[in-house]
Amino acid sequence: MASYSLILITGRSTKQGVGISSGKDQPEYQEATRLLEMSRADLMRLGLQPGDTVRIRSPFGETTVRCSEADLPEGLAFLAYGPAASQLIGGETWATGMPDTKGFEIEVEKVT
Amino acid sequence: MQIDHVVCAFCGCVCDDLSVTVEENHVLEVKNACILGRAWMIGHAGQREESVARIDGQPATLEEAVEEAVRILTSARYPLIYGLSSTTCEAQRQAVALAETLGACIDCCTSVCHGPTGLAVQSVGEPTCTLGEVKNRADLVIYWGSNPAESHPRHFVRYAVTPKGLFRPGGRKERTVVVVDVRPTPSVRAADLFLRVRPGKDFECLWALRALVAGRPVDEAAVAQTGLTLAQLRDLAERMKSCQFGVLFAGLGLTQSRGKQMNLAAVFLLVRDLNAYTKFAAIPMRGHGNVTGIDNVMAWQTGYPFGVNFSRGYPRYNPGEYTAVDILSRGEADATLVIAADPAANLPRPAVEHLRRIPTIVLDVQPSETTRLARVSITTAPVGIAVEGTVYRMDNVPLRLRKVLDSPFPSDEEVLRRILQRVKEIKKC
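Chains X and U are the protein sequences, given in the same order. Following the working numbering, the residues of the first sequence are numbered contiguously, the last one being 128. Following the working numbering, the residues of the second sequence are numbered contiguously, the last one being 437.
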């Protein structure tokens, strides 16, 4: 199965923020933090339909999430902060204490 | 019973105008809160955890949990205390005292949100103001790398975009709102102007703006690499110079991407430059309810805002060495005490893997990824709902939390005080 490179931005989403309070063991939080958003063009390039399961790989780890379509520039993907996103982030902080959390390259492929 | 002027402790907006209806120790209704504040109030008011503490997943008494926590911390060679962004300043003080007594490292969530902002402040200073000044004076509002529509939903209506202020009686009509981001976030809907910058090119944009504000020549081809045109940046520079009172809200899009502290230094230097022409300020968009408070408590007690090591008996500060991601990813800490945070869900994979290998103690209001891996977890009462105390808004204004419910669980402050007392007894200090 072919994989494609995207630039990943991790961040806060409303559903993830609500899930923090309503319960991290609840399905709402789990779904909100396991949803990779990308443009329609990238979905088509990968042969994906919204709701499909995709494997994401970074140089530091991998995780499996569902995908969805969002108003994003081609080549850019978004994943809310949470256990899935943290699997993709490395421990290097370049002497700042802050890891590279936004704007790093990932490989995405459809899980069949 | 309706309780007014309740302070929300979820995000850095710390809205202090909530009205909460309480009957028989249950929250029935929350008025004036955003979707995040309502979830905070209702979700945490109905705590589901039945046991006050667990040791290796088994129910335990508070006394047993405190004793096990003390045993772990006093037998560790390099303990780490981490978190503290969603608890009161009173609890934070106890945590710093505990770190000093143990000779531990203490770090807070700041290091993985606006830690780079702190580094920039230490390098070039922070030309800033309060949110009250923004409300009353600002006619140009710029959100850069920030998405308040999802992270701080009432920021627009209470402080920066729509409210009518003393010198802005027309409210929204008298303000120009600009969003600069790598993607069209929901916040763009509130903006007059959206500038989409390429990922990792914020510093170049900010530095080009400095040159344009100073009237220096800027290479058009170099600017094009940022995803913006020279005309767009020139227009923004002119808006910045010609406004009466401008404010730039800096978000995690600047601190967590390439450039980090240099991005924020560029923001502060740009704002400093602009004050030769008009009044301009910058405010970091702080995330958690009292993450600004832990910076203040750490700074007044140790001299440093985060990433502090007490192993020599006095505080030493070195981001990259004494910060949580580094200590854990390098496998240095041999025990961790987490307060009001969920590092297992948010820190990078190498750090989480090390957390799983060492004994971890967690104080939190509800189950989380971190409580699931913890040796000792203690359920504490939610601040601003069942616990009074002080929190700092994102503009460093302290506010007093109100208590609206009783909780069967102790406060973070009480648990930390107990742990500290027992550690002092064991260490005979």
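The set of hints was computed from the structure by calculation and includes no laboratory data. Some clues are possibly wrong.
Unchecked claim - Facing chain X, from chain U, some residues (calculated, C-beta under 7 Å):
(1) Asn33
(2) Gly54
(3) Gly267
(4) Gln269
(5) Asp334
Unchecked claim - If you anchor each label on the Cβ, the simulated ranges turn out as follows:
(6) Ser83(U) with Gly63(X): 18 to 28 Å
(7) Ser21(X) with Ala239(U): 49 to 59 Å
(8) Arg82(X) with Asp12(U): 50 to 60 Å
(9) Ile11(U) with Thr69(X): 18 to 28 Å
(10) Thr69(X) with Thr29(U): 38 to 48 Å
(11) Ser19(X) with Thr138(U): 23 to 33 Å
(12) Asn144(U) with Thr80(X): 24 to 34 Å
Said to hold, decoys possible - Every beta carbon over 12 Å from chain U, so not counted as near; a handful from chain X, in silico:
(13) Lys31
(14) Lys40
(15) Leu59
(16) Val70
(17) Gly77
Note that this is a predicted model, so its numbers are computed, not measured. Heads up, the beta-carbon is just placed ideally off N, CA and C, and yes, glycines get one too.
Evaluation of the provided hints:
1. Asn33: Asn33(U) check fails; min Cβ-Cβ to chain X is 19 Å, beyond 7 Å.
2. Gly54: Violated: closest Cβ of chain X sits about 9 Å from Gly54(U), beyond 7 Å.
3. Gly267: violated, 10 Å
4. Gln269: holds, 6 Å
5. Asp334: holds, 6 Å
6. Ser83(U) with Gly63(X): 18 to 28 Å: violated, 55 Å
7. Ser21(X) with Ala239(U): 49 to 59 Å: violated, 31 Å
8. Arg82(X) with Asp12(U): 50 to 60 Å: Since the Cβ atoms of Arg82(X) and Asp12(U) sit about 42 Å apart, the hinted range of 50 to 60 Å is violated.
9. Ile11(U) with Thr69(X): 18 to 28 Å: violated, 46 Å
10. Thr69(X) with Thr29(U): 38 to 48 Å: holds, 43 Å
11. Ser19(X) with Thr138(U): 23 to 33 Å: Hint violated: Cβ distance 49 Å, outside 23 to 33 Å.
12. Asn144(U) with Thr80(X): 24 to 34 Å: Violated, since Asn144(U) and Thr80(X) (Cβ atoms, about 50 Å apart) do not stay within the stated range.
13. Lys31: Since the minimum Cβ distance to chain U is about 9 Å, Lys31(X) lies within 12 Å and the statement is violated.
14. Lys40: violated, 5 Å
15. Leu59: holds, 16 Å
16. Val70: holds, 18 Å
17. Gly77: violated, 5 Å
Violation of the numbered hints given earlier is confined to hints 1, 2, 3, 6, 7, 8, 9, 11, 12, 13, 14, 17; the remaining hints are satisfied by the structure.
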